[in-house]
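**Student:** Residue-level listing of the chains:
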Amino acid sequence: MFTEIVRGFWTTFKQSFQPARTIEYPEVKKPVSQRFKGRHELKRYDNGLELCIGCALCAAACPADAIFVESAENTDEQRFSPGERYASTYEINMLRCIFCGFCEDACPTEAIVLESNYELSFTNRESSIYTKEMLIVPVPAGGQPTPQKVAPGTFDRSIPEMKDPD
Amino acid sequence: MDELQFRIIEWIIKALISSFVLLTGFAYMTFAERKIAALMQTRLGPNRAGPWGLLQPAADGIKIFFKEELIPGGADKVIFILAPIITVIPALILMAVIPWGPPMPKGYLGLPYDVPLGIADLNVGMLFILSVASIAVYGVVLAGWSSNNKYALLGGIRSTAQMVSYELALGLSVIGPVMLAGSMSMLGIVRAQSQVWYILLQPLAAVIFYLAALAEVNRAPFDMPEAEQELTAGYHTEYSGMKFTLFFMAEYIKMIAVSAIFVTLFLGGWQGPFVDQAPLLGVGYFWLKIFGSLYFMIWTRSTHPRLRYDRLMALGWKVLLPLALANVMVTAAALLGDQVILSAVLSVVGLIALIVIGAGVVRARRGQAVAARRARA
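Order-wise, the sequence lines are chains A and B. Each residue of the first sequence is one higher than the one before, counting from 52 in this note's numbering. Each residue of the second sequence is one higher than the one before, counting from -6 in this note's numbering.
Some clues are possibly wrong.
Not the full set, but computed from the structure, chain A residues with beta-carbon under 7 Å of chain B [what the hints assert, rightly or not]:
1. Phe53
2. Gly59
3. Phe60
4. Gln66
FYI, nobody ran anything at the bench for these hints, they're computed from the structure. Note that the Cβ used here is the ideal one computed from N, Cα and C, for glycine as well.
Construct all of the structure, not just a fragment, from the sequences and the given hints.
**Tutor:** Structure representation (C-alpha cells):
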C-alpha cells in the first residue's frame, strides 16, 4: 500500500515536468484528416465559371433536408455556369446538416465538396443558413467573376467530360 | 497616541489584513490548484485572462457575482441562507490565533510599541482552533439538511460522520507538540521549535494531523461529502451563485488555515535562518511553508483517488485514532523521563506501525471481500 502511494506521487511529480499537450486552439489549429467532412464549398472552373448547374440533386440526396437550391437560366450574356441553368439561390442550413457527404456523392459536376473548415459557430438561427456567397470559393487567378459574357456555343455542355466519371 | 488607541487601531488593521490576505489567498488558491493540477496532467490550465491567466480569479469572481441564486422550493429558507455563512466565518477566524511572524520589537519600522504579528495570542490557542474548526461542521450539515435534496442530505451526513471521526485523531495528534512545547499558545509552540522542528520529534503526529486535516477540510482523497461521482456535489448540490462561492471559499480558506496550523505545530511556524536579524523575513518563511503544504494538498488531489466510505471510517477509527492515542502516551512517558529523543524514535516506530496496520486493514478488507465473493459464487 505504502509503495503504491509513493509511486503515485512520483508519477504525478514526473508528469509535471512534461510539456503540455494542449493545442491552444484559436492560435494553433490542428490540421484535419484528409477525408474530414467540414463546411461545404461550391467550386469553380479555372476560368471562374461555377461548377454548380442548379440541378438540385444534392437537395434531393440530403437526408436532413438541409439544402435549398433554386435555379435560373444561363444566357451567353449572363453566364454563371456551363449549360442551361445555374443555381440562383443555394442555401445550406448548418443546423440541419449532418455532414454525411451525400450531397458530394450526388453532385454530377463535383461542384459541392465538404472541405476542412469546422468553425461553424453562430449565435442565432438565421446565421445558421449559409448562402451561396458564403459557400462559393473565390475566383481563381486568371479567371473572371460570374456572370461572364461569353461567345455563343462555347459552354453548351452542363456536365464536363471527366476522365474518371465514377 | 496612548497605548490603548494604538492597540485598537493595530487590531483593526491586522484583522483587515488577515481577512484580505485570506480572501485573496482563496482566489489565488483556486488558480494555483488549477495550474498545478494542469501541470501534472500535462495541460496548460487557465491562461486566457491576463498574463499567464493571472486575472482568472477576478474573472471568476465577476462571473459569480452575476449568477442567479436559486433557493429550492422545499428548502428551509433561513437555514439555507445561514448555512454558507456558518461555514465560512469559522474558516476565516481560525487564522486569528496563528502568529504570522515573530513579534515586531518596539521601534522596529518606526512603531511606538511592540507589535505581535497575529491578531491575538491566546494562551489556549490550540483549544480555540479545535473548537472553532468544529463549528464549520454545522454549516455543512445544515446546508445538506435544509436543501431538501437527498444527495445534499447524504453529503451532509457523510461529512458529519467523517468530521466527527477525524476530529478525534486531529485533537489527539496536536497534543504531542503541545506537550513538547508545554504551551497551548501558538506563539509559544513556535518559540519552542527554535532548535528543532516538531515534525522531526513527532513524525507520527505530523502525519496523523495532516491526514486528519485533509479529512476535516473535505479534500481529496477524503472528499466523500462532495463526491461528484456519487452525490453530484454533496451538501452544496442546491447552492448556486454567491452562496455556492461561500462554500467554495470556506473550503479553500480552511485549506490555508489548516496548512498554517500544520506549519505552526510541526514545521516551526515562522522559524528560519536570519529571522532574529530581520523579523519580517519570518512572515516570508511562514507563507513559504504554507505554500509547500498547500502544494502537497493539490499534489495529493491530483494523484490519489477517493477512498471508499467504509475504508475511510476504518482508517479513522481503527488506525489513526489508536495510533494518535499511543503517540500521546509515548510522548507523555518520554517527557516524564526527559527522553525527547526516545519519543522521536518511538514516533518513527509508530509511523511504521501506521503503514503496516493501514496496509493490514486494507488487506483484511480485501480478503473479506474475496471470501464473500467466493461464498456467493
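**Student:** Run every hint past the structure and note whether it holds.
**Tutor:** Checked hints:
1. Phe53: 5 Å, holds
2. Gly59: Constraint on Gly59(A) satisfied, holds at 5 Å.
3. Phe60: 5 Å, holds
4. Gln66: Constraint on Gln66(A) satisfied, holds at 5 Å.
Of the numbered hints listed earlier, not one is contradicted by the structure.
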